[in-house]
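Residue numbers (the working numbering), protein chains in the order written: chain A, 5 to 224; chain B, 5 to 224.
No lab work stands behind these hints: they were computed from the structure.
Please note that the accuracy of each hint is not assured.
Note that the list lumps identical chains together, so a pair holds whenever it fits in one copy or between two copies.
As the list claims (entries may be wrong) - Within a straight-line C-alpha distance of at most 35 angstroms, the following computed DSBU-like cross-link-like pairs (lysine-lysine) qualify: (1) K47 to K215; (2) K29 to K125; (3) K47 to K73; (4) K18 to K175; (5) K135 to K175; (6) K165 to K18; (7) K148 to K175; (8) K165 to K135; (9) K29 to K17; (10) K215 to K135; (11) K55 to K17; (12) K89 to K73; (13) K17 to K47; (14) K175 to K89; (15) K62 to K148; (16) K154 to K89; (17) K215 to K62; (18) K47 to K154; (19) K148 to K125; (20) K175 to K17.
2 protein chains.
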Amino acid sequence: MERAIDTQMEDLKKMILLMGGHVEKSLAQATAALLSRDLNLFKEVHEIEKKINEEHIKVDQACMNLLAKQGPVARDLRMIISIIKINNDLERMGDQAVNISYSGRDYLGRNPIRQLNDIQKMSEIAGRMVKGSLDSFVRGDVEKAREILKMDDEIDGLKNKVYQDVMAHMKTASDDVEAGLDLILIARNLERLGDHATNIAEDVIFAFTGKDIRHGGKFG
Amino acid sequence: MERAIDTQMEDLKKMILLMGGHVEKSLAQATAALLSRDLNLFKEVHEIEKKINEEHIKVDQACMNLLAKQGPVARDLRMIISIIKINNDLERMGDQAVNISYSGRDYLGRNPIRQLNDIQKMSEIAGRMVKGSLDSFVRGDVEKAREILKMDDEIDGLKNKVYQDVMAHMKTASDDVEAGLDLILIARNLERLGDHATNIAEDVIFAFTGKDIRHGGKFG
Chain A
5 MERAIDTQME DLKKMILLMG GHVEKSLAQA TAALLSRDLN LFKEVHEIEK
55 KINEEHIKVD QACMNLLAKQ GPVARDLRMI ISIIKINNDL ERMGDQAVNI
105 SYSGRDYLGR NPIRQLNDIQ KMSEIAGRMV KGSLDSFVRG DVEKAREILK
155 MDDEIDGLKN KVYQDVMAHM KTASDDVEAG LDLILIARNL ERLGDHATNI
205 AEDVIFAFTG KDIRHGGKFG
Chain B
5 MERAIDTQME DLKKMILLMG GHVEKSLAQA TAALLSRDLN LFKEVHEIEK
55 KINEEHIKVD QACMNLLAKQ GPVARDLRMI ISIIKINNDL ERMGDQAVNI
105 SYSGRDYLGR NPIRQLNDIQ KMSEIAGRMV KGSLDSFVRG DVEKAREILK
155 MDDEIDGLKN KVYQDVMAHM KTASDDVEAG LDLILIARNL ERLGDHATNI
205 AEDVIFAFTG KDIRHGGKFG
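Isolated chain A (complex conformation) (with noise of 0.2 angstroms):
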């Protein structure tokens, strides 16, 4: 017999699922913007913002109300509780989508300097952390969890790629001081999306095998 407790966790990950998908298209649409030079596009960041703020309230409380009312035990205990944590990580990974758009539209406000090849590749990669930890989350996929883990570093090498080619250009072009500063905090902003995938991956793995990793897996 199926418990009301089972059709009201499939219902918290299908408006996870949702809210993952949002972040997505957020995250997309900032980079199409920055990519093909549309500021149109980054009004479109800002209004699936407001539908990531209103998900990430409606997660909490539906995550409320199964904690008050079914006293879940277990391993439904932990999913819950991954679930208000990977809740807060898309919110915030929202707000990065948003701060590039922010960000974006300075620099395309400035002379470009350099290709994008590089932001546009950490995006991809962002993308994929932001599907792929989501994905682990829904089948229980504990394998694919590590793989986000390790695209991290793929990422975070990328970011420090930026940081050094635009410094470098910053130091021969002292009219393109701001426009630097712009890729560099968009380039940030990528690497923070991934540290938020990597969160998620980390409470998939808690969530399904009662293991804590974090911190190096030392305290759990």
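Please arrange chain B on chain A, whose structure you already have, making use of the hints.
Same frame as chain A, but now just chain B:
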């Protein structure tokens, strides 16, 4: 008669306060290292981070236990959920202090480019925000929590000032581009610390009033 859950809640609050004390100390040490140009002080930041990480896991475990064994509802439940979130914010504040120590170490290896008055001010405000947000949590002081939200504007203003000043300097002194970026990243970390304290203040307001004021209170 005192309920078992009350004693356990008090223990949880004490753990959060201990952790908050470590975050404050970590921020203070990172800033002191920078201002006094004493690299040794950065080591302590890393020592404290280990403690914070350990506490992070312990608080989570204690919350899970409490949820599983006591099946709390209403205000108790809101309080525990808030503690889970506050715990996450404190841990990330610890990360920001560590980030400051990395950029700070880089900065001290270069030619100093300016007085660090604004950075010092930002650190002081961030420290007061950490302390104030936790005070408001322990006392259930919602008014105090609202004050924290206002302090966040102050720290944002200072961050923008640091950005502007440092960029102006970078334009005239290309040798100082790296040092300038170090300071910009430190200012950014301090602003993020303030953001986390703001999150805590919002959680306090939710825990004690049941009112969700996040995202402008539009959805709570």
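| request: Measure nothing new, just compare the shortest in-copy and cross-copy C-alpha distances for K55 and K17 to 35 angstroms and report within, between, both or neither. | output: Classified as both; 17 angstroms inside a copy, 33 angstroms across copies.
| request: Check K165 against K135 for me: Cα-Cα at most 35 angstroms, and say if that holds within a copy, between copies, both or neither. | output: Only inside one copy: K165 and K135 sit 24 angstroms apart there, 37 angstroms across copies, limit 35 angstroms.
| message | Reference check for the pair K215 and K135, CA-CA at most 35 angstroms: within, between, both, or neither? | response | Both ways: K215 and K135 sit 22 angstroms apart in one copy and 32 angstroms across, limit 35 angstroms.
| Checking K47 and K154: alpha-carbon separation at most 35 angstroms within a copy, between copies, both or neither? | both (33 angstroms within a copy, 27 angstroms between copies)
| query | When no copy is named, should K17 and K47 be tagged within, between, both, or neither for a Cα gap of at most 35 angstroms? | reply | Within. Shortest intra-copy distance 28 angstroms satisfies the 35 angstroms Cα cut-off; inter-copy 42 angstroms does not.
| query | What label fits K135 with K175 when the C-alpha limit is 35 angstroms: within, between, both, or neither? | reply | neither (37 angstroms within a copy, 40 angstroms between copies)
| At most 35 angstroms between C-alpha atoms: does K175 with K17 qualify within a copy, between copies, both, or neither? | Answer is neither: 49 angstroms inside a copy and 50 angstroms across each miss the 35 angstroms cutoff.
| message | Treating 35 angstroms as the Cα threshold, decide for K47 and K73: within, between, both or neither. | response | For K47 and K73, the Cα distance exceeds 35 angstroms both inside one copy (40 angstroms) and across copies (47 angstroms).
| field | Within, between, both or neither: K215, K62 at alpha-carbon 35 angstroms | value | For K215 and K62, the Cα distance is within 35 angstroms both inside one copy (28 angstroms) and across copies (13 angstroms).
| message | Reference check for the pair K62 and K148, CA-CA at most 35 angstroms: within, between, both, or neither? | response | Cα proximity of K62 and K148: in one copy and across copies (27 angstroms, 27 angstroms).
| message | At most 35 angstroms between alpha carbons: which applies to K148 and K125, within, between, both or neither? | response | within (20 angstroms within a copy, 44 angstroms between copies)
| said: Cα distance capped at 35 angstroms. Does K47 pair with K215 within a copy, between copies, both, or neither? | reply: For K47 and K215, the Cα distance is within 35 angstroms only across copies (29 angstroms; inside one copy 41 angstroms).
Taken one by one, the earlier hints fail for this structure at numbers 3, 4, 5, 6, 7, 14 and 20, listed in ascending order.
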